[in-house]
Amino acid sequence: MTDLSVRIGGLTLPNPVMPASGTFAEGLAQAIDLNRLGALVTKTITRELRAGNPLPRVAEVAGGMLNAIGIPSKGVAYFRDVTLPLYRGWSPPLVVSISAPTAEGFAELAAEISLPGVAAIEANISCPNIEEDGRAFAMKPASTAIVVRQLRAATALPLWVKLTPNTGEIAEVAKAAEAEGADALVCANTILAMAIDPHSFKPRLGNLLGGLSGPAIKPIVLRQLYQCARAVRLPIIGCGGIMTALDAVEYLLAGAVAVQIGTATFLDSAAMPNIIDGLDRFCDARGLASVSELTGAIRHEETDEEDLSWLSPPT
Amino acid sequence: MTDLSVRIGGLTLPNPVMPASGTFAEGLAQAIDLNRLGALVTKTITRELRAGNPLPRVAEVAGGMLNAIGIPSKGVAYFRDVTLPLYRGWSPPLVVSISAPTAEGFAELAAEISLPGVAAIEANISCPNIEEDGRAFAMKPASTAIVVRQLRAATALPLWVKLTPNTGEIAEVAKAAEAEGADALVCANTILAMAIDPHSFKPRLGNLLGGLSGPAIKPIVLRQLYQCARAVRLPIIGCGGIMTALDAVEYLLAGAVAVQIGTATFLDSAAMPNIIDGLDRFCDARGLASVSELTGAIRHEETDEEDLSWLSPPT
Amino acid sequence: MTDTLARPPAFETQAAVLANDRVNGEYAHLVVACGQAAAAQPGQFYQLACPAPPGEAPFLRRPMSLYRADPAAGRVEFLYKVTGAGTRGLATLRPGEQLGLLGPLGTGFRLDPAARHIIAIGRGAGLATLGPLAEAARAAGIAITAILSARRPELVVSQARFAEQGARVITVTDSQANSGPSHVERLLRGLLAERRCDGFYTCGSARLLRVQQTLAREFSIPGQVALEQQMACGLGMCFCCVRDFNVGGTIIHKRVCWDGPVFDMLEALP
Amino acid sequence: MTDTLARPPAFETQAAVLANDRVNGEYAHLVVACGQAAAAQPGQFYQLACPAPPGEAPFLRRPMSLYRADPAAGRVEFLYKVTGAGTRGLATLRPGEQLGLLGPLGTGFRLDPAARHIIAIGRGAGLATLGPLAEAARAAGIAITAILSARRPELVVSQARFAEQGARVITVTDSQANSGPSHVERLLRGLLAERRCDGFYTCGSARLLRVQQTLAREFSIPGQVALEQQMACGLGMCFCCVRDFNVGGTIIHKRVCWDGPVFDMLEALP
Ligand SMILES: Cc1cc2nc3c(=O)[nH]c(=O)nc-3n(C[C@H](O)[C@H](O)[C@H](O)COP(=O)(O)OP(=O)(O)OC[C@H]3O[C@@H](n4cnc5c(N)ncnc54)[C@H](O)[C@@H]3O)c2cc1C
Ligand SMILES: Cc1cc2nc3c(=O)[nH]c(=O)nc-3n(C[C@H](O)[C@H](O)[C@H](O)COP(=O)(O)OP(=O)(O)OC[C@H]3O[C@@H](n4cnc5c(N)ncnc54)[C@H](O)[C@@H]3O)c2cc1C
Ligand SMILES: Cc1cc2nc3c(=O)[nH]c(=O)nc-3n(C[C@H](O)[C@H](O)[C@H](O)COP(=O)(O)O)c2cc1C
Ligand SMILES: Cc1cc2nc3c(=O)[nH]c(=O)nc-3n(C[C@H](O)[C@H](O)[C@H](O)COP(=O)(O)O)c2cc1C
Ligand code: FES
Ligand code: FES
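Chains as they are written, first to last, in this note's numbering: chain A, 1 to 315; chain B, 1 to 315; chain C, 1 to 270; chain D, 1 to 270.
Hints are supplied without guarantee of correctness; some may be wrong.
[What the hints assert, rightly or not] If you anchor each label on the Cβ, the simulated ranges turn out as follows: (1) D/E218 / B/H199: 33 to 43 Å; (2) C/E56 / D/E185: 49 to 59 Å; (3) A/T102 / C/R189: 57 to 67 Å; (4) D/D21 / B/H199: 25 to 35 Å; (5) A/H300 / D/S182: 28 to 38 Å; (6) B/R80 / D/D264: 24 to 34 Å; (7) D/D112 / B/A111: 41 to 51 Å.
[Said to hold, decoys possible] Cross-link-like lysine-lysine pairs, in silico, BS3-like; alpha carbons within 27 Å at most: (8) D/K254 / D/K81; (9) B/K74 / D/K254; (10) C/K254 / A/K74.
Everything labelled a hint here was simulated from the structure, so no lab data went into it. Owing to the predicted nature of the structure, the values given are computational and were not obtained by experimental measurement. Glycine included, C-beta positions come from ideal geometry on N, C-alpha and C.
Please take these sequences and the hints and turn them into a complete structure.
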């Protein structure tokens, strides 16, 4: 019997496995028991009503999928009156993902949804900052600092900050979020990508650009999580291409305290419960009393930073 | 009969398909006719003798591979006395990939290898800049500008600049290279990544971090090439996950004038000639007189920049 | 909320392939044993984890309508057209092999117990989706006329099945030049004149849908349409399968997998 | 340069599987028709594009030694141990299916025409690599003693083959407790005393390599070792397959795929 519970900032989760924002809704209850999950994470909500992107919204690529759903949102009132009461029907803590085009907008939304029944806020700061020419907040430490500072002032709830893998300086962004009072980091969102149909010459997504998720991104996001884990003390939730319990173990070894599962649930609705069971067996087989012993347990003989060629070209 | 020739800066190539640096050497002549290729591109060379990275140097991941070969190099004298005469035996233009830890080092090496028989220099600026704390030159527009300026002053040969996909501002880096006189861009090198063996808890590469290549990265690098093609007028050579002629077409449609093939050659030594033949048939079937008509021919109904949500979160 | 919690469960399971045979040059017929997952209603669908055919790797699951269900025997049938990587992969399945599936999913056709006679009109792969209405209508004591459209006569599927259940079957095909909307409209007006229509059920053709919408409005007859859209999750979570619907004059998005795949005919925008 | 251009060609081809059968609990024997690619020398290898076994997807090709070549018939054989994704995929191949391969690759064993008697010592999968020496030595009129080591007697492969070619065969196994280096050293010293050794040929065991290196130095006998290393390109291009060698006192890297896989025994660092 492994202790699967994990602490993330002030919050204790029954186990380290939860859905990734935008890949989960109450419909999953038709197929699995949601009470088995470590937490429930909503699709990102915004204050405004939004319709989302043109079709097609998804495309298959090697080892993964592209999506450009956009953030179809029914706004805060709908969340408060419909979504929130609905999720009271299940026991895992509810994490609400939010987004806004300005730091003030983020803060106002965070304040508005700091309601009983909400266990934590996940700030999806991979969204365009209209004050920075549309560049996502999470691309730069400075814009990250501004938005996290305002969010921190706006809510007493645990604040998770979801990073973008599209930046070249993810560790610096992580540090900025830590310095401004984030309670945890989620590493990471999808990687900006595209695909073209060579027959029609048209983009394969209505939105032209979309986010790559699934196994293809795992080695990249794992590296980014490792870089973040070496740079900050905050708990980090790994997210990107996790399909199996062994994938989750890889993230934990690199320094994650918990994991989010997105695309895997589309391929197997029982992916999350299977990963939970798999982690349990994995720890059991190795005599680990607690799953948290895996966090950061990568075994790497430290050599000189130079030999290690940290930021050096692998090739 | 399609005209497969393409112009890249001052250089005309018989066709747009050439090997990616580090994935090609004269050994390929054992399996295919090298005279069929659009160009020959050497493994990156350095001035110093280097041994390369610890083993294991490659690992398989979903839809691709990680490599951390390092740059085992026999130095300039060996290149001049052995490699260069060797390649005189084949007709395609020879492109020499170079790297150095400082801008001055780059310039000196470029000058030294500006020899008869060298058709162009490819500057692999994804390597650590010791003056910038080991951060690769190609991560930032400023460091790119410095190294390209020095390179430009040091050689009259066509200068190709190979970008890194690890930066969050690839279009700005591309602009910096253009402003300082690069003749072409190569987009892009491998994506920094890692993998951990969940059984031994050890990294799956001796170097811990390595570069991801192969189909997994195609949608990401294709997007970056598209962003660069919209930002600069320079010819751009696409490189990342191209396995088939249709993959090459995708890159051309996004704005590439030519392509480099890396990992595909490991899975099929005839990948390059097959892609050349496939491009020929593709153009033939569509009645295109020249392969260059494909460059930038993506059909995308331009909507408002805002709707297009260029830098906006796909999700 | 009630909606969610009221839905019968969907089962994630490894089904055993019992048979998988070509029906004609385009369609194949797959029979699987999947236990409890077989308790499906006409119009519902399953998400199938198609195996990789040589040289291809379908990533997402593929939605496929229930073609026939035998809940007692734990058996479900699909009739699929081989079109791309996923269905090519399906076609490689041999009896005894496994197929990962999730279902039954979505909301199916509703039969109005007060109806006496309905018309089912389908085309192409849509005929597979309409198939289960044959038995369902008969069981409900509702007469049915099936208008089955295809490119060529040999591509008409479900014909025998409707006939066996006592349906009147009319086939129209492109090669016989009687499948156009105006011809079908004439057929329908004839049936309407005979008062043989208390409801339209359709799938597989935007043109035929438009014809029925016109007549449904003109004669105030209710109708249901089963729609298709590319899917990822199949459970209403990802919002990739939305389509536009006209609900009381406003255009809104609905998810085909969750709010459908069967929708009110008049709301659908063909 | 001369090296490159002097090498006989390697062929990239789709081979047809003729047979693929289990030899014992660990090994399988694959026979393919591959035309010109069959013109291989003992010690050379092929890069095999292993098909994907269910649920796994080997990405890189897998190097596999020539086990037997029949250039006239365009036929090549491999003897492989099922260990991971790639070899599990190989094991799924059925006669009539295709297998992408590149070869023959690398530099094989060299037989000194002046030699009268050689010793081939291998262990595990290394026995497959040594196999072709049986016929090659006989054809060159060189007598051969084969010392075949394995964990258990039933895992010893190539035994009959060496015997058929008139070789003296000695098997040693862990379960019989006679496979340890000291026992093998005693065997070898016996053979050396009988002057039955003008050269060592070995593959598959670092411990046995060390024993032979000691004796090779002591008795000034030349030796060759076939080495393994993970590969990507197989053509000397990627430098992932390097190993350390002691060449005249300096440690240098050589590529197993290109500079080997057969190396001078004394240069190898076990
Ligand atoms: C609710 C529902 C029920 C269906 N029932 C049947 C049926 O009973 N018989 C049948 O033959 N077909 C049916 N279809 C269509 C079937 O899902 C597609 O033919 C199949 O997904 C094509 O996959 P592919 O890989 O072979 O083709 P590809 O064209 O390679 O598929 C590429 C992508 O597009 C999607 N796609 C392609 N065509 C369709 C389509 N028509 N509808 C939805 N997604 C599509 C695929 O799922 C995949 O994600 C149904 C679709 C839906 C939505
Ligand atoms: C020149 C050469 C000749 C060989 N000849 C034979 C032979 O005749 N019979 C035989 O059974 N085996 C032989 N091997 C070993 C064989 O290549 C490996 O057993 C095989 O690659 C394992 O692949 P896998 O996917 O089953 O195992 P995995 O462990 O899943 O492989 C993972 C990765 O490691 C590599 N790898 C694993 N083990 C080895 C190994 N021992 N050598 C090289 N790479 C390895 C794989 O190629 C792959 O890239 C030879 C190796 C080399 C280098
Ligand atoms: C269809 C889809 C919709 C998504 N929507 C959101 C979203 O609304 N907010 C967000 O922060 N991330 C969103 N994501 C990103 C995921 O939360 C996750 O970061 C990403 O998919 C990587 O994980 P995976 O590889 O396990 O899918 C979405 C991903 C997908 C595939
Ligand atoms: C084994 C290996 C070695 C490489 N060595 C170099 C190198 O020396 N210099 C360089 O600029 N890129 C190097 N690369 C990167 C490739 O040139 C190419 O940019 C990358 O592999 C993406 O292309 P692909 O997906 O077609 O392989 C190497 C790649 C691989 C796989
Ligand atoms: S397929 Fe995901 S919402 Fe319909
Ligand atoms: S496998 Fe590429 S150099 Fe040996």
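Check: For which of the previously enumerated hints does the structure constitute a violation, in increasing order of number?
Finding: none
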